[in-house]
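Grab the two chains, each in its own frame, and use the hints to assemble them into the complex.
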Amino acid sequence: MAAERLTVSVISPERVVYEGQADMVVAPAWDGEVGILRGHAPFMVLLGEGDLRVRNGDREERFWVGGGFMQVADDVVTVLSERTRSE
Amino acid sequence: MAKAREIRRRIRSVENTRQITRTMEMVATSKLKRATDRVYAARPYAERLAEVIGRLADPELRERYALLRRPEQVKRAAVVVLTANRGLAGAFNANLIREANGLIERLRADGVEVDLHAIGKKGITFFRFRRERLVSERTDISDRPTAEDAASIVDPLIDAFTRGEVDAVYVVYAQFRSALSTPPGVMRILPVEPPADFEAERGAGYILSPSADEILTRLLPLYVRNSVYRALVETAAAEQGARRTAMKNATDNAAEMLDTLRRSYNRARQAQITQEISEIVGGAAALE
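Protein chains in written order, with our numbering: chain A, 1 to 87; chain B, 1 to 288.
Same shape as in the complex, but just chain B (with noise of 0.2 Å):
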């Protein structure tokens, strides 16, 4: 009968299926755990690099730094969007562009101009879809982002903000809380913020080589391309959590969509058996 092959090629679709989103969810994660390990080996050197900055920048000195100038206006912004390369991974991407659209509306709104940075497949699709221009477009970030990749993506943007091209430099990102939980957010890498807990004179009792100014100077662009860094390794571990979660998702659903499937296959065989052995026993009666 037609409709039990019918069925029992479904089951066989959607075992297929599972299989495949099974394998996603295993390669997930191992990779998620790797990824995990990265953002946490991160902390350390962002830690103390942010401990430092705040023993010796001093607010009143703001206008000094390139890097900590606020302009009184702001009239052009770079917004970097950070998003996959690759899609399966539940809502992910979505989310990280609809905070990157919320953000570029709020700028708008203010009369800023704002320059689009996209970097991974998913939001170059997406923003070449609405046509918006892109300033740069990135694909070759892999799930493992190093240190150099964060230098070349924020060095052109540290120069620009420098000459005064742009004003501020926001970063869209996945934050990484847990394998669970993994919103979007929004960072302005500069001007610099320095972390809040001053001491109360710059770099009281310490030796300094060369001075206080200079150490400043060069730390600022290392704390501006640490925080790329962590934008990245952060995004990369929770697009692993992500994928993870629809992946053991979509195998939990093939699974239930298997028993509906193994039971209908079973009520149309034997449907069909019944069928036969009335027709044996008509065609028998029908003999006699």
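Next comes chain A alone, as it looks inside the complex (with noise of 0.2 Å):
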């Protein structure tokens, strides 16, 4: 299933901080950033501390993430984290 664009959620234990459509997700794994564009392979990784980017067009959306977890499967990504903001 390649959908045209990527769906994207941030969800914190509060409630959803972003939901939308993107083109590619760039995001602060444990290790380094990993970009996600659609057509990933299914993908569960942690994150670390630093910035989320959400590009859309010529759109950014920036978020600040301070640890938590992202899975990609099927072109939805999905952000939970504990600590995260919009910025």
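Since the hints were derived computationally from the structure, they do not count as laboratory data. Computed from a predicted model, the values in this text were never measured in an experiment. Treat the hints with care, since some could be wrong.
Simulated pairs of lysine to any residue, SDA-like, Cα-Cα distance not exceeding 25 Å [stated by the list, open to error]:
(1) Lys33(B) <-> Glu19(A)
(2) Lys31(B) <-> Glu14(A)
(3) Lys33(B) <-> Lys75(B)
(4) Lys3(B) <-> Glu279(B)
(5) Lys33(B) <-> Val16(A)
(6) Lys33(B) <-> Val17(A)
(7) Lys31(B) <-> Ile124(B)
(8) Lys33(B) <-> Glu14(A)
(9) Lys121(B) <-> Leu88(B)
(10) Lys248(B) <-> Arg177(B)
(11) Lys31(B) <-> Val17(A)
(12) Lys31(B) <-> Gln19(B)
(13) Lys121(B) <-> Ser142(B)
(14) Lys31(B) <-> Ala168(B)
(15) Lys33(B) <-> Ala168(B)
(16) Lys33(B) <-> Arg188(B)
(17) Lys75(B) <-> Ala168(B)
(18) Lys121(B) <-> Arg188(B)
(19) Lys33(B) <-> Glu148(B)
(20) Lys31(B) <-> Arg188(B)
(21) Lys31(B) <-> Arg15(A)
(22) Lys121(B) <-> Lys75(B)
(23) Lys31(B) <-> Val16(A)
(24) Lys33(B) <-> Glu87(A)
(25) Lys33(B) <-> Arg15(A)
This is the structure in structure tokens:
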């Protein structure tokens, strides 16, 4: 299932911080940044501390995450983080 | 006449009380709305986390993770009792305390030592009165509990469990099924019971970074913290629901009481007038 674009959600324990479509996600994985484009293989990764960038055409949403977890499957990117805020 | 004045004073007093309970009902209604939103907003995170842990956990490998390990014999258990800081919410606090007492009795009957942690003034007051030793007590959790509140409650317990000082951790909280149904409940947060719907193979088809073990080791504490966070927000919403119901009943009762009082007042007033008239008539008759 290759959708046109990625579906991205950034979720904290308290609420869904962000939900939307994107062309690319760059996340601060525990061992360095990873970029996710559509068609990415199923992927689970621990996050470190840093900036999460959700690119959408020439717009970019930025979030700060302090640890957490990211799951990628079927062009759906889910970021779970206890400490996150949009920047 | 004294009786009519007496009744008028009571009417005024009941009217004041009704004004207060009506205001409290409205405050609780608006707080309930916000608290309910928080309960719903907390669901996506909990669901996704449970799903991932279900996918990665393997019951066969229970012994490898500190937070999944089941001690052969439970010698000491921590019981965290959530109650409100305030009353005027009907049987809300009493129900939670009764549930906690039931759990404590069951544990003690099995020969388990119980460490009590009370959160909320009502629980603290009760257990002090019963001369129970409280290992910790907190009254600083507001109507709007945060994930940090949950972490500050549960992190010391996770550490104690990891060190083997306690063999199980329970939370007594109010389940928020709806504004009208908020039964007390007990949740065992440690050892973690991984969500039931396991995938056949752990993390099958996923690229895992670092390893499944390490991801799970890091996610389990998040899961435990989130369980407590959910207990906190549900209890907070349940408290507002219970208070709204209690205050609505109080307002209705006051209205009913006012009806009765007004009727007695009118009767007393009429009796007084009748008596005055007959006195005047009697007085005039005496002059003839």
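A quick look at each hint next to the structure:
1. A threshold of 25 Å between alpha carbons decides the hint, and for lysine 33(B) with glutamate 19(A) the separation of about 23 Å falls inside it, so the pair holds.
2. Restraint check for lysine 31(B) and glutamate 14(A): the C-alpha separation of about 17 Å stays at or below 25 Å, so the hint holds.
3. Of the supplied pair hints, the one linking lysine 33(B) and lysine 75(B) is violated, its CA atoms being roughly 42 Å apart against a limit of 25 Å.
4. For the suggested pair lysine 3(B) and glutamate 279(B), the alpha carbons sit about 18 Å apart, so the restraint of at most 25 Å is met.
5. For the hint linking lysine 33(B) to valine 16(A), the alpha-carbon distance of about 18 Å falls within 25 Å, and the restraint holds.
6. A threshold of 25 Å between alpha carbons decides the hint, and for lysine 33(B) with valine 17(A) the separation of about 20 Å falls inside it, so the pair holds.
7. As the CA atoms of lysine 31(B) and isoleucine 124(B) are separated by approximately 24 Å, the hinted pair is consistent with the 25 Å bound.
8. A threshold of 25 Å between alpha carbons decides the hint, and for lysine 33(B) with glutamate 14(A) the separation of about 16 Å falls inside it, so the pair holds.
9. Taking the CA atoms of lysine 121(B) and leucine 88(B), the gap is near 13 Å; set against the 25 Å cutoff, the hint holds.
10. Proposed proximity of lysine 248(B) and arginine 177(B) is supported: the alpha carbons are some 19 Å apart, at most 25 Å.
11. Between lysine 31(B) and valine 17(A) the alpha-carbon distance is near 22 Å, which keeps this suggested pair within the 25 Å criterion.
12. Of the pairs offered as hints, the one joining lysine 31(B) and glutamine 19(B) holds, with about 18 Å between alpha carbons and a cut-off of 25 Å not exceeded.
13. Straight-line distance between C-alpha atoms of lysine 121(B) and serine 142(B) comes to about 11 Å, which keeps the hinted pair within the 25 Å bound.
14. For the suggested pair lysine 31(B) and alanine 168(B), the alpha carbons sit about 34 Å apart, so the restraint of at most 25 Å is broken.
15. For the hint pairing lysine 33(B) with alanine 168(B), the CA-to-CA distance comes to about 34 Å; that exceeds 25 Å, so the pair is violated.
16. This hinted pair does not check out: lysine 33(B) and arginine 188(B) have alpha carbons roughly 28 Å apart, beyond 25 Å.
17. Distance hint between lysine 75(B) and alanine 168(B) is fulfilled; the C-alpha atoms sit about 9 Å from each other, no more than 25 Å.
18. For a cut-off of 25 Å, the pair hint linking lysine 121(B) to arginine 188(B) stands: about 23 Å separates their Cα positions.
19. For the proposed pair lysine 33(B) and glutamate 148(B), the alpha carbon gap of about 22 Å is at most 25 Å, so the pair holds.
20. For the suggested pair lysine 31(B) and arginine 188(B), the alpha carbons sit about 28 Å apart, so the restraint of at most 25 Å is broken.
21. Distance hint between lysine 31(B) and arginine 15(A) is fulfilled; the C-alpha atoms sit about 18 Å from each other, no more than 25 Å.
22. For the hint pairing lysine 121(B) with lysine 75(B), the CA-to-CA distance comes to about 28 Å; that exceeds 25 Å, so the pair is violated.
23. A distance of roughly 21 Å separates the Cα atoms of lysine 31(B) and valine 16(A); the hinted pair therefore holds under the 25 Å criterion.
24. Between lysine 33(B) and glutamate 87(A) the CA atoms are separated by roughly 28 Å; this puts the pair beyond 25 Å, and the hint is violated.
25. With a C-alpha separation of about 15 Å, the suggested pairing of lysine 33(B) with arginine 15(A) holds against the 25 Å cut-off.
Of the numbered hints given earlier, the model fails hints 3, 14, 15, 16, 20, 22, 24; all others are met.
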